[in-house]
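**Student:** Listed below, chain by chain, are the residues.
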Amino acid sequence: MIVAEQKPLEEIYGFLNGARKVLIVGCKECVTVCQAGGEKEVGLLAAALSMKRRIEGGPPLEAVEMTVQRQCDPEYVQPLSGPAADCDMVISTACGVGVQFVAEHLKDKWVFPALNTRFGGGSVEQGIWEERCGFCGDCVLHLTGGICPIARCSKSLLNGPCGGSHDGKCEVSDDIPCGWQLIYDRLKALGRLDLLTEVQPPKSWRTARDGGPRKVVREDLKL
Amino acid sequence: MSEPAVKGASASELKSGSRLERLLGEGHFVVTAEVGPPKSSSSKGIKDNATLLKDCVDAINLTDNQTAIVRLSSIAAAVHVMSVGAEPIIQITCRDRNRIAIQSDLLGAYSLGIRNVLCLSGDHQVFGNHPEAKNVFDLDSLQLVRAVRDLRNGKFVNGEKCRFNPKMFVGAAANPFADPFEFRALRLAKKVTAGADFIQTQAVYDLDRFRAWMDAVRELGLHEKVKILAGVVPVKSVAALRYVSTVPGMRVPQELIERMAGAADQETEGIKICAETVAVLREIQGVAGVHIMAIAWEKTVPEIVRQAGLLPRPVPEAAV
Numbered sequence: 001m002i003v004a005e006q007k008p009l010e011e012i013y014g015f016l017n018g019a020r021k022v023l024i025v026g027c028k029e030c031v032t033v034c035q036a037g038g039e040k041e042v043g044l045l046a047a048a049l050s051m052k053r054r055i056e057g058g059p060p061l062e063a064v065e066m067t068v069q070r071q072c073d074p075e076y077v078q079p080l081s082g083p084a085a086d087c088d089m090v091i092s093t094a095c096g097v098g099v100q101f102v103a104e105h106l107k108d109k110w111v112f113p114a115l116n117t118r119f120g121g122g123s124v125e126q127g128i129w130e131e132r133c134g135f136c137g138d139c140v141l142h143l144t145g146g147i148c149p150i151a152r153c154s155k156s157l158l159n160g161p162c163g164g165s166h167d168g169k170c171e172v173s174d175d176i177p178c179g180w181q182l183i184y185d186r187l188k189a190l191g192r193l194d195l196l197t198e199v200q201p202p203k204s205w206r207t208a209r210d211g212g213p214r215k216v217v218r219e220d221l222k223l
Numbered sequence: 224m225s226e227p228a229v230k231g232a233s234a235s236e237l238k239s240g241s242r243l244e245r246l247l248g249e250g251h252f253v254v255t256a257e258v259g260p261p262k263s264s265s266s267k268g269i270k271d272n273a274t275l276l277k278d279c280v281d282a283i284n285l286t287d288n289q290t291a292i293v294r295l296s297s298i299a300a301a302v303h304v305m306s307v308g309a310e311p312i313i314q315i316t317c318r319d320r321n322r323i324a325i326q327s328d329l330l331g332a333y334s335l336g337i338r339n340v341l342c343l344s345g346d347h348q349v350f351g352n353h354p355e356a357k358n359v360f361d362l363d364s365l366q367l368v369r370a371v372r373d374l375r376n377g378k379f380v381n382g383e384k385c386r387f388n389p390k391m392f393v394g395a396a397a398n399p400f401a402d403p404f405e406f407r408a409l410r411l412a413k414k415v416t417a418g419a420d421f422i423q424t425q426a427v428y429d430l431d432r433f434r435a436w437m438d439a440v441r442e443l444g445l446h447e448k449v450k451i452l453a454g455v456v457p458v459k460s461v462a463a464l465r466y467v468s469t470v471p472g473m474r475v476p477q478e479l480i481e482r483m484a485g486a487a488d489q490e491t492e493g494i495k496i497c498a499e500t501v502a503v504l505r506e507i508q509g510v511a512g513v514h515i516m517a518i519a520w521e522k523t524v525p526e527i528v529r530q531a532g533l534l535p536r537p538v539p540e541a542a543v
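Chains as they are written, first to last, in the working numbering: chain A, 1 to 223; chain B, 224 to 543.
To be clear, the hints were calculated from the coordinates, so they are not data collected in a lab.
Ideal Cβ placement from N, Cα and C applies to all residues, glycine included.
It is possible that some hints are incorrect.
[Claimed, not checked] Once the Cα atoms are required to be at most 16 Å apart in a straight line, the calculated EDC-like pairs of lysine to aspartate or glutamate come out as:
#1 B:K413 with A:E198
#2 B:K357 with B:E405
#3 B:K390 with B:E405
#4 A:K188 with A:E198
#5 A:K28 with A:E5
#6 B:K413 with A:D194
#7 A:K203 with A:D138
#8 B:K357 with A:E39
#9 B:K390 with B:E490
#10 A:K188 with B:E249
#11 A:K21 with A:D86
#12 B:K413 with B:E442
[What the hints assert, rightly or not] Short, incomplete list of chain B residues facing chain A, as computed with Cβ under 10 Å:
#13 L275
#14 N352
#15 F400
#16 P403
#17 R410
#18 A412
#19 V467
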């Protein structure tokens, strides 16, 4: 899933800039799962912003709350038109994709992001999420024991590990496991160290973001 | 695969014709030294260091924005080194340039007379003075080795032909002290397969670990396919040595730290330890030379080489 986290309250409050009525839009998909922008977080944010306005003075803030099934889908953001109509501004608690779909739909409204979109990953334990996918567009997990060298090696090496691997840690930080140590251990356990003896050629990054904004077209699904 | 140049080899039998290649081919125990370019546009320090080192080492290795700190480029530094009559080895890292920029620099470097390249992944930029920078790592160090080798053979990374191809002597790094240890010799084998002609190792303090790695290297027959230069780094103080022992991928035995701590003059002891290490490395089968990395302490290199009994430096016999 997309893992995101809320921006500091000060920054979001700064977006208000004297607004009296704001629509705060949540999303029931990834950001609900990572507890950053679902219905519950929308409620908390609305309360926090209103309270801060009261404490700091100025006109009372009316925060309208609405959480849609998913913001990354035009069908689900259409119902926002009505509630947004008399609002001074819109705050989206979705990932960057959701914010853009909302902004595309509400053409005459300024839409602010309440979250920082972090990465493609998952929860490894309660309250901890880790990056797993580098979205390179050409998966190599079958060569690396199901551990992504693009996302999990700090240098995205395809022929790792580099000389900075020590005690299973990355040279960048002791908080980062060395992706290539993980790959080595897994392939060793599976009896497939032979996969590491081949020199992997330069990767085509054409399918990654380097090739420009990406698009998937499925002719079989088009109407 | 590396084919050692024989004594008196003609230019056509050499891969690059560099002095380094010729000396290694003739079986000399070579000595190279590292010079770090300055954080400025001044060439003075580089020229001074190259002048100081040119008669006591066989080639001078110029770092490429080492530890991710912006410095004068390794290619420009190499030109300054050549201007005083010494032979340069340029470092190229994968951190800052993609395959387009790297190949362009290889063409340019060769056109300026540079014949040796050391291919590195590069220290991550979080360690440097621009930790906010975006990194590249389009190629990794193995792919870079192959790219330099292929360019020597007239082929760009994309398979297109290159005329007036840059004939570089290709170096790569190996770290016998990093993990997983049992994979380190195999990774060296990959670098040899990719096209490495010579190897520079991470700094050796832990000779037992280095010997164990060389045993594995010899078992794979790699010492006959690639010239291995063992790295050494002299330290000025026990504090410096203690710091080195904390750097990821470095190992320093406790007894060495104690020896340094007990020395009356730590600078002198640091030079002595380094020279002794070089002398020991020279006796290890399969070690073809040493690479002295006395960053910001280049002036000690002549003394280290002298104490190690490696002066005077040989003159290659092979024609260029």
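**Student:** Hint compliance check: list the failing hint numbers for this structure, sorted ascending.
**Tutor:** Checked against the structure, the hints that fail are numbers 2, 3, 8, 9, 10, 13, 14 and 19, while the rest are satisfied.
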